[in-house]
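Protein sequence lines correspond, in order, to chains A and B.
For the first sequence, my numbering gives the first residue as 1, with consecutive numbering after it.
For the second sequence, my numbering gives the first residue as 1, with consecutive numbering after it.
Honestly, I wouldn't trust all of these hints.
Stated by the list, open to error - Simulated coverage check for chain B against chain A, where a stretch passes if three residues somewhere in it have a Cβ under 8 Å from a Cβ of chain A:
| # | segment |
| --- | --- |
| 1 | 91-98 |
| 2 | 108-119 |
| 3 | 178-189 |
| 4 | 236-249 |
Hints listed in this document are in silico derivations from the structure and should not be mistaken for laboratory results.
Yeah, the Cβ is synthetic: ideal placement off N, Cα and C, and Gly gets one too.
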Amino acid sequence: MDSALIPKGAKRCSFPKFTIGIAIVSAVLLWGVYAMFLCWFKGLNQTNMNDYYGFALWIWADLAVIAVGGGAFFTGLLRYILKVDELKNIINFAVIIGFICYSSALLILAIDIGQPLRGWFIFWHANVHSMLTEVAFCLSAYFAVLTIEFIPNILENRQVNKVPFFHHLAHNMHGVMAVFAATGAFLSFFHQGSLGGVAGVLFGRPFAVREGLLIWPWTFFLFTWSAAAFGPCFTLLITKITEVITGKKLVKDNVVYLLAKISGWMIITYITAKIIDTIYWAMVTAPSLGFTLSHFYTDNSFYGYWILVTEIIICGVVPGLILIMKSTRENPTLRIIAFVLGTIGICLNRWVMVLQIMAVPVMSFDTWALYIPSWQEVATTILPVAYGIILIAIAYRYLPVFPQEKELNR
Amino acid sequence: MKQENNKAHKFGMVIDLDKCTGCGSCMVSCMSENNVPFKEDESNKKDSITWMRVYKLTNGKSFPDTEIVYLPRPCQHCGGKGDHGHSPCISVCPATATDYGYDTGIVSQIYTRCFGCRYCMGACPYHARYFNWWDPKWPEGMEKYLSPNVSPRMRGVVEKCSFCYHRYQAARDTAYYEGRDDIEEHEYQTACTTACPAGAIVFGDLNNPFHKVHQIVKPDPHPDTRNKHVIGKSRNPKVFRLLERLGTNPKIYYLSEREWVRKQGDNYLDGEWDEIKNHHGSSSHG
Chain A
1 MDSALIPKGA KRCSFPKFTI GIAIVSAVLL WGVYAMFLCW FKGLNQTNMN DYYGFALWIW
61 ADLAVIAVGG GAFFTGLLRY ILKVDELKNI INFAVIIGFI CYSSALLILA IDIGQPLRGW
121 FIFWHANVHS MLTEVAFCLS AYFAVLTIEF IPNILENRQV NKVPFFHHLA HNMHGVMAVF
181 AATGAFLSFF HQGSLGGVAG VLFGRPFAVR EGLLIWPWTF FLFTWSAAAF GPCFTLLITK
241 ITEVITGKKL VKDNVVYLLA KISGWMIITY ITAKIIDTIY WAMVTAPSLG FTLSHFYTDN
301 SFYGYWILVT EIIICGVVPG LILIMKSTRE NPTLRIIAFV LGTIGICLNR WVMVLQIMAV
361 PVMSFDTWAL YIPSWQEVAT TILPVAYGII LIAIAYRYLP VFPQEKELNR
Chain B
1 MKQENNKAHK FGMVIDLDKC TGCGSCMVSC MSENNVPFKE DESNKKDSIT WMRVYKLTNG
61 KSFPDTEIVY LPRPCQHCGG KGDHGHSPCI SVCPATATDY GYDTGIVSQI YTRCFGCRYC
121 MGACPYHARY FNWWDPKWPE GMEKYLSPNV SPRMRGVVEK CSFCYHRYQA ARDTAYYEGR
181 DDIEEHEYQT ACTTACPAGA IVFGDLNNPF HKVHQIVKPD PHPDTRNKHV IGKSRNPKVF
241 RLLERLGTNP KIYYLSEREW VRKQGDNYLD GEWDEIKNHH GSSSHG
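Please model the entire structure based on the sequences and the hints provided.
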């Protein structure tokens, strides 16, 4: 039925099967949309957030999707600026994942703010001292860059590409993509970093605050670094999931190995810096404010040392080691374990830097505050996942996303 | 220029915790004065608005040695590190919806500019900032009691104690009409100060040596020798501020004769308190 739109030579499932799949995911999407409208029309009382948890599940989701979406800028940097040519076989998909992640992040922010119609105030009345201002500017600008990076791939659709103007436009956009890749890397450095800065500058919150370089706390650099390290992990994980669902090999092993190796070394260097940062914070920064490490990990029913060990060792050091060693990296099972652990690790880091900050008591007579999200929060957090699945499904079906697909599936 | 700086006020408060009975008059007067909306059930203090909140502290000892103290906590109107006006909340607000009055030391909140990102709430270690989770509502007829001097806040924005700024404006208006340059101490007093039956709250200009608050606190205008970020440390050994060592530089001071109360003002590592408790603002600047 839609065969004229499917890339030439590519095999896709039947249209009814595709439609049923999309319909199932759309039901989840609609559930999220319903919750989103509840939040917009009835207000944030639909959530379980409170005055202790002004930042909660959504902001975690926001930071998490931006972190895992970091694969787009970093792969783009490697492909277009550092000229790692093999990555041309995965860059389209990295861009699509990035596009999904960043559009989701903007949507989450639009739901999260109490006065959505005033969202533009962040640009109009911008406070140059606020890390969130930097986030807003760079995030919006980078989303525009991602859209520009995505457009040539859309224009390569079999039917669209028949129009000479679109054909030439796509060709010419590919030609100047290095400029956008460089712009994207620049913007990403700042918005990933400023998201880290959001936590690091909170000098009233000893769990979050970090010293740093000039106006940038160490978390600024750690967030950028971690997004560059774990973002490709997530890109490779989603690629693998897509391969499993479609039953096709889409990217050659040498490309996967290369990106996995780069990701592994980025993770190892990041996690080394993270360990140094954690030790310095635990031994110098926090004690100088009157806090011991145990204050942040005891006397409550959820946040124990386990979260520190899981984030840094199990989901940081372990995937890093798996990916830097050739024997383990080229073992399919271990590689997937590394991708999963890495993705969990970066998401856990963002959780800690949002929710644990809010949970830890600061005044000596205050108590730990724990929070369980409402179904509206859960639904709106799942919404981007459903949206992402649908967009990937549509893009995969109708666009030449994977250049090696035909060759690998003859 | 120097002349102008000398004229700057630095409004602040000292609360005598040994006098406070925990009656809650300050909370009620604050809500009434500032048109603070309320819910039918205000028992969940994590999502109800109390610009002034009274905490109950204990010495942790069992009967008969138990002691209790009530600690009223308004917005601390922090001056930020080095008292430069970059308080934890002001420095993070992306839309400049909260600002520092360099002529008063008051941290303002511009409700019509706030778009409800709540970053300021995350930044405030005192939980002094409140979000309007619901539309503001008052029981029928009670809206007639709303103060015309204070704008009610809409759903989706953050609010907090303003040191009854409208009273400051009214006092300045009066002074202007009477041809005076400045206001008298008694002309500008917050609602909680005037409502406290025990007289536990003293409000005034910390920069003015003739004001009672200055005389009690005796703020040291120089950086603390132990922490360069701390300015305005009290030279009165019985006076302390909440979380002073974070460098937030609050303008709310607390007074207590009891050591265990003063100790609860901040966090200390083992053995630190004994070393720190006798360290007060430099007397050489007296």
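How the hints compare with the structure:
1. Here the segment 91-98 of chain B counts 7 residues with a CB under 8 Å from a CB of chain A, which clears the bar of 3, and the coverage holds.
2. Counting residues of the segment 108-119 of chain B whose beta-carbon sits less than 8 Å from any beta-carbon of chain A gives 7, enough to reach three: the coverage restraint holds.
3. Counting residues of the segment 178-189 of chain B whose C-beta lies closer than 8 Å to any C-beta of chain A gives 0; at least three are required, and the coverage claim is violated.
4. Interface restraint, the segment 236-249 of chain B with chain A: holds (6 residues with C-beta to C-beta distance below 8 Å; minimum three).
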